[in-house]
Amino acid sequence: DQQVKQNSPSLSVQEGRISILNCDYTNSMFDYFLWYKKYPAEGPTFLISISSIKDKNEDGRFTVFLNKSAKHLSLHIVPSQPGDSAVYFCAAGGGSNYKLTFGKGTLLTVNP
Amino acid sequence: SQTIHQWPATLVQPVGSPLSLECTVEGTSNPNLYWYRQAAGRGLQLLFYSVGIGQISSEVPQNLSASRPQDRQFILSSKKLLLSDSGFYLCAWRTSYDTEAFFGQGTRLTVV
Chain S
9 DQQVKQNSPS
19 LSVQEGRISI
29 LNCDYTNSMF
39 DYFLWYKKYP
49 AEGPTFLISI
59 SSIKDKNEDG
69 RFTVFLNKSA
79 KHLSLHIVPS
89 QPGDSAVYFC
99 AAGGGSNYKL
109 TFGKGTLLTV
119 NP
Chain Z
654 SQTIHQWPAT
664 LVQPVGSPLS
674 LECTVEGTSN
684 PNLYWYRQAA
694 GRGLQLLFYS
704 VGIGQISSEV
714 PQNLSASRPQ
724 DRQFILSSKK
734 LLLSDSGFYL
744 CAWRTSYDTE
754 AFFGQGTRLT
764 VV
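Chains as they are written, first to last, in this note's numbering: chain S, 9 to 120; chain Z, 654 to 765.
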């Protein structure tokens with residue numbers, strides 16, 4: 009049972025435009041969500057997180073939006089840069105559970 | 654500052670051989686420690702996690718085991734590797750009060 013879903017395996021965007029990466033979850037017990045960026049043959053790097061009590065968190069070019077009623081979150085990157093090209097993972101955790109559950113990732117390609 | 658070391662970076666092992674991957678964390682005490690595997694098309698799969706010395710929780714029944722002999726050391730092992738054990742193995746840590754986990758650089762294991 010996949011509790012965190014990233015339904016788009018890939019996304020291609022033009023440099024300077026907005027990238028929107030989506031994530032859906034099924035477990036209502038999740039109370040925080042994170043986005044990671046991963047280059048090939050490297051470990052994931054933490055980007056930004058959001059608590060379930062918020063609906064938006066912003067850090068520079070990165071903004072995460074959370075819609076609890078829809079069990080949906082998204083990562084917006086504005087403006088997109090070629091260096092943003094990577095696999096982006098959505099993750100969730102919560103309660104007394106020490107685990108982070110990850111989605112399958114979305115490959116973002118930003119074209120110059 | 655905290656750092657995480659994971660080695661080796663790449664490993665080619667024959668089927669039936671043993672495995673030992675090591676991960677150490679510096680600059681923090683009593684971290685939560687995790688082993689993940691990234692297989693093609695399957696995202697980041699949690700294998701084991703530990704909240705203290707000698708405490709191991711297994712997420713997926715498999716050919717692997719984990720141990721935590723010291724507070725900041727986490728070891729992934731196998732007595733006899735299978736072809737299906739090939740993948741990219743990632744160690745991660747986080748504190749018990751933060752939400753974000755931090756990953757090592759990963760080990761690319763190829764079983765031949």
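Keep in mind the hints are simulated off the structure, nothing from the lab. Since we're looking at a predicted model, the values are computed, not measured. Beta carbons are placed, not taken as given, at the ideal position from N, Cα and C, and that holds for glycine. Check the hints yourself; a few may be wrong.
Quick list of in silico lysine-lysine cross-link-like pairs, DSBU-like style, CA-CA up to 35 Å [as the list claims (entries may be wrong)]:
(1) S/Lys13 x S/Lys62
(2) Z/Lys733 x S/Lys13
(3) S/Lys13 x Z/Lys732
Just a sample of chain Z residues kept apart from chain S, beta carbon distances all over 10 Å, derived [stated by the list, open to error]:
(4) Trp660
(5) Pro667
(6) Gly669
(7) Gly680
(8) Gly707
(9) Leu743
(10) Ser749
(11) Glu753
Problem set entry | Hints violated by the structure (listed by number, smallest first) | 9, 10 and 11
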